[in-house]
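2 protein chains.
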Amino acid sequence: MGIIPDSVNRLIEELARFPGIGHKTARRLTFHILGAPEKNATDLARAVIDIKAKIRFCTICGGITEDDVCGVCQDTKRDPRLICVVEEPADIYTFERTNSFSGLYHVLGGVLSPLDGVGPDELNVDSLLERVSDGCEIIVATNPSVEGETTALYLAKLFNERGCTVTRLARGLPVGGDLEYIDDATLIRAIEGRTSL
Amino acid sequence: MGIIPDSVNRLIEELARFPGIGHKTARRLTFHILGAPEKNATDLARAVIDIKAKIRFCTICGGITEDDVCGVCQDTKRDPRLICVVEEPADIYTFERTNSFSGLYHVLGGVLSPLDGVGPDELNVDSLLERVSDGCEIIVATNPSVEGETTALYLAKLFNERGCTVTRLARGLPVGGDLEYIDDATLIRAIEGRTSL
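Sequence lines, in order, name chains A and B.
Quick note on my numbering: the first sequence kicks off at 1 and runs consecutively.
Quick note on my numbering: the second sequence kicks off at 198 and runs consecutively.
Keep in mind that the hints were calculated from the coordinates and are not lab data.
Computed from a predicted structure; not experimentally measured.
Worth double-checking, as some hints may not be accurate.
To be verified - Taking lysine-lysine and the DSBU-like style, the derived pairs with C-alpha atoms no more than 30 Å apart in a straight line are:
| hint | chain 1 | residue 1 | chain 2 | residue 2 |
| --- | --- | --- | --- | --- |
| 1 | A | LYS54 | A | LYS77 |
| 2 | B | LYS236 | A | LYS24 |
| 3 | B | LYS251 | B | LYS274 |
| 4 | A | LYS39 | B | LYS251 |
| 5 | A | LYS39 | B | LYS274 |
| 6 | B | LYS221 | A | LYS77 |
| 7 | A | LYS24 | A | LYS39 |
| 8 | A | LYS24 | B | LYS274 |
| 9 | B | LYS251 | A | LYS52 |
| 10 | B | LYS251 | A | LYS24 |
| 11 | A | LYS52 | B | LYS236 |
To be verified - Computed footprint of chain A on chain B; a stretch qualifies when at least three of its residues, placed anywhere within it, have a C-beta under 8 Å from a C-beta of chain A:
| hint | stretch |
| --- | --- |
| 12 | 200 to 209 |
| 13 | 275 to 283 |
| 14 | 311 to 325 |
| 15 | 351 to 359 |
Glycine included, each C-beta is placed from N, C-alpha and C at the ideal position.
The shape of chain A in the complex, shown without the other chains (with noise of 0.2 Å):
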């Protein structure tokens, strides 16, 4: 195709970087911004630009922020004593959205994988057991992956040794989903995870 002017062939590959995001759409999201305002594109590219200037890790859980310290470490009032591990910054903000949680976060940055060469070491652990401190409860919340299994037991291990509560997500049936399309490994979790009433 190569009667595609040569700068709107480069947006379009940029735009099918973005996981999920195939040539199709990219060409669809491409000409939108060709027939949006000006402003509008403008906008765009000051924004991408803006976010990797500005956004850097908290030094302490290791979300993103714009400042030395997120947000979140810095609310007083929430619980230290009670730390959600999460293996990436984005999950933060899923738990936010939920507006019941009251502790405060880590962010592993991956989990324990071999075949990709990421141990513990290249997690980030050892400023977790900095924050710790007796009788602490730390939440895995690592995905639901064998990967994210096997760094949930390494936590598990690593934080009971030092008088730390661990606990791991309830596994069971979504909220609104359907018996009929649960799959057999969930089931046996909700079986097994059954709750009186």
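Start from chain A and add chain B according to the hints.
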């Protein structure tokens, strides 16, 4: 969610302006940019700025180009007596992907839509009148919507009077489609337009 840094929120808002991209996807894309190398972000921002700076409308067909005249209109191997009339510049590339059209294009810049205040004067029709000569074929490739059909009928009347053949894209079953899922209107068109084997 006041704990999300401003610059992150701003990029989420900018990305959520795209058609088909909601806040959830915009957030995912934003965190992808945050995690991607600095160069990718700069390249993306530059591509967005570039496209607005470099792209203009072809003075002949109204398609997009970085020059005065677009690649298709410059191509001397194409048949100037066969003109495919489309709504938007993006439609040109949908046709070009098929590698099966050897004529030229003409971009209307929309369709007749009295409710939105779009009449014949708002469309790029005058320059099409200048391009055609007696015996030309005009393929009206507006979308199969009410407005698209109205526009097609309008163009048919206008160009038939000038001695042009005016045709419309065939309507019928999409290739690979399933009769079970076809809507009634399409099926009626498919019966009407049946071809002999």
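Check, residue by residue, whether the stretch 351 to 359 of chain B contains three or more positions whose beta-carbon lies closer than 8 Å to a beta-carbon of chain A, and give the verdict. violated (count 0)
Within 30 Å, alpha carbon to alpha carbon, are B/LYS251 and B/LYS274? It holds: about 26 Å lies between the C-alpha atoms, which stays within 30 Å.
Check whether three or more residues of the stretch 200 to 209 of chain B sit with their beta carbon closer than 8 Å to a beta carbon of chain A. Our answer is that it holds, as 8 residues pass the Cβ test (under 8 Å) against chain A, meeting three.
Examine the stretch 275 to 283 of chain B for residues whose CB is less than 8 Å from any CB of chain A, and state whether their number is three or more. violated (count 0)
Holds or violated: A/LYS24 with A/LYS39, Cα cutoff 30 Å? holds (25 Å)
Are B/LYS221 and A/LYS77 close enough, with their CA atoms no more than 30 Å apart? holds (28 Å)
Quick one, are B/LYS236 and A/LYS24 close enough, alpha carbons at most 30 Å? holds (24 Å)
Given the hinted pair A/LYS54 and A/LYS77, is their alpha-carbon gap at most 30 Å? Measuring from Cα to Cα gives roughly 26 Å; hence the hint holds.
Given hint A/LYS24 paired with B/LYS251 - CA-CA distance at most 30 Å: The hint holds at about 22 Å.
Below or equal to 30 Å on CA atoms is what counts here, so check A/LYS39 against B/LYS274. violated (39 Å)
With the threshold set at 30 Å, check whether the alpha-carbon distance from B/LYS251 to A/LYS52 stays at or below it. The given pair, whose Cα atoms are some 25 Å apart, holds under the 30 Å limit.
State whether the coverage of the stretch 311 to 325 of chain B by chain A holds or is violated, taking the criterion as 3 or more residues with Cβ-Cβ distances under 8 Å. violated (count 0)
Checked against the numbered hints given earlier, this structure breaks hints 5, 13, 14, 15; the rest are met.
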